[in-house]
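Protein chains: 2
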Amino acid sequence: MAESVSIQEVGLRDGLQMVKHTLPTVTKTEWIAAQAAVGFRAIEVTSFVPPALLPQFADAAEVMAAANKTPNLTAAALALNLKGAVNALAAGSPKLTFVLSASEAHNHSNVRCDTDVSLGVFSDVIAHAGDTDTQIGVAIATSFGCSLQGDVSEDRVVELAQLLEQAGARKITLADTVGYANPAQVKRLFNRVAQMVKIPLAAHFHDTRGMGLANVVAALDAGVRSFDASLGGLGGCPFAPGASGNIATEDCVYLIESMGFPTGIDLDGLLDLRHQLADWLPDETLSGRLGVAGPARTFQSLN
Amino acid sequence: MAESVSIQEVGLRDGLQMVKHTLPTVTKTEWIAAQAAVGFRAIEVTSFVPPALLPQFADAAEVMAAANKTPNLTAAALALNLKGAVNALAAGSPKLTFVLSASEAHNHSNVRCDTDVSLGVFSDVIAHAGDTDTQIGVAIATSFGCSLQGDVSEDRVVELAQLLEQAGARKITLADTVGYANPAQVKRLFNRVAQMVKIPLAAHFHDTRGMGLANVVAALDAGVRSFDASLGGLGGCPFAPGASGNIATEDCVYLIESMGFPTGIDLDGLLDLRHQLADWLPDETLSGRLGVAGPARTFQSLN
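Chains A and B are the protein sequences, given in the same order. Heads up, the first sequence is in the working numbering, so the first residue is 1 and it goes up one at a time. Heads up, the second sequence is in the working numbering, so the first residue is 304 and it goes up one at a time.
Hints may contain errors.
Distance ranges between label pairs, derived from CB positions [said to hold, decoys possible]:
no.	chain 1	residue 1	chain 2	residue 2	range
1	A	Glu154	B	Arg495	30 to 38 Å
2	A	Glu3	B	Ala305	26 to 34 Å
3	A	Glu3	B	Gln438	55 to 63 Å
4	B	Gln498	A	Cys113	54 to 62 Å
Calculated Cβ distances over 10 Å to all of chain B for the following chain A residues [said to hold, decoys possible]:
no.	residue
5	Pro51
6	Ser109
7	Asp151
8	Asp207
9	Gly223
Covered, in the sense of this in silico footprint (three residues per stretch, anywhere, with C-beta under 8 Å from a C-beta of chain A), are these stretches of chain B [as the list claims (entries may be wrong)]:
no.	segment
10	347-360
11	446-453
Read the hints as simulated data drawn from the structure, not as lab findings. Note that CB positions come from ideal geometry on N, CA and C, so glycine has one too.
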């Protein structure tokens, strides 16, 4: 039996971030409970950002409190600055993902400062967290290119990963925020980073240009065993024009289990939840192929 | 510079096969000329099947005659039986792809006989072709599983490839007719077949369950340098329920060039042609991501 692979649901954060209709808190907690019930041990449940910027996450503390009562779940929250991180820690987030961008232009668009300044903010977050149990990781946005800046230096991504590890990050996620990555690049960059840092690596891909699942396979080849995905392919990045389309969780689970890696996820239950999501968000167009075609009759779940 | 990769457009055959509206012959020839003009040296332009079964291809000989006048193009035709092959050869097809299925159930559904009988028919085709210049290859349908039968034996696919090579095939295409393949399986099976036959191999993938491009990458890893794809993702298999969605040519070209393999294709011109195709077939829903998102600003064509 191959190693297991962990898939973190990010629809409640990266997905809802792009959705104009604010999903009621009670529906979010129902979604979290249902997703945990089909086997997800990792869910990014919210983002601690100013409600004026993203009203969708005004209920972040409330959602986190509900998530923390869900059996077998280690909930995660996202933060872009110190205030967000402080609020996430105060809300009892078991996991916290801090975000900075390898692209200077994207970092300025996201948080109005140089990436080096964000590195300093991350050190402040670690200092503030002190000896809390919260697992603090970092996502390096635009690791594979940027729609604002263009190319992003691979050397810079490797350097950022090293600096973040030294600063106390317990996990690094390389994120293809705008769907620019290709499988050759993914394999090369993950291999480079893995040679230089000891903490676990994760991958966050968008399917903007159809390569999302191909990039998952390339990252698997490079030894990555932790992936973000969004149910029904919900979401994108509000600051990157045209950057729609997270990889769909159900397609990602199906791919990874088909290749022989157990995920612990009940795929049929997950497909039921996708139908439920479509009812909750009737104005959103979901993507992903498995929700339409269903699994092959030869598919065998590894659970 | 990496080896170049050949992409054969199959939209005029595998795509139109699923389209109810019969495209006028003049539009087909315009499509062929436009696709050749953006760099395609290989186009499967039609199928020699009974017009009663597929009226879309009643103009097969006429389309082939027009294709043969197109500069820099080696046109191909498809045939499922001896009569079709005889007609294709009579029409002057420079390339002919004979089809049989690794799945007995699928072969019966397609041509109402055992696969061994189809092997005999292929020998008859070779005998009939005599010393013609036509390059005759074979596509092994349902090489990765079958929606009618379920699993397909990999040993059987390897055996069929060997028997077909011995019978005179100059190329073998492994086809994932119903979108059941996964990248691990693709790499394993192509590697196995490549060990046993000397003629070139090609891959034909559907994106029914989202793994189409991931399977292309797996086949590239296994040394395959020849792929089928359909403009705008047009098409599927009429005998396999739910089996919609060839991989989109534009997404395939973009993936392969992004990974450093030249294709000789002008991607911008190809995207213009996709818009033209949407006008020609207003009732069809095209797929593929690149037609919506466009190339990354960091993309550099290798031409």
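Going down the list of hints, with the structure as the test:
no., hint, in the structure
1, A:Glu154 - B:Arg495: 30 to 38 Å, "35 Å, holds"
2, A:Glu3 - B:Ala305: 26 to 34 Å, "30 Å, holds"
3, A:Glu3 - B:Gln438: 55 to 63 Å, "44 Å, violated"
4, B:Gln498 - A:Cys113: 54 to 62 Å, "56 Å, holds"
5, Pro51, "30 Å, holds"
6, Ser109, "15 Å, holds"
7, Asp151, "5 Å, violated"
8, Asp207, "7 Å, violated"
9, Gly223, "15 Å, holds"
10, 347-360, "violated (count 0)"
11, 446-453, "holds (count 3)"
Violated hints for the displayed structure, listed by number in ascending order: 3, 7, 8, 10.
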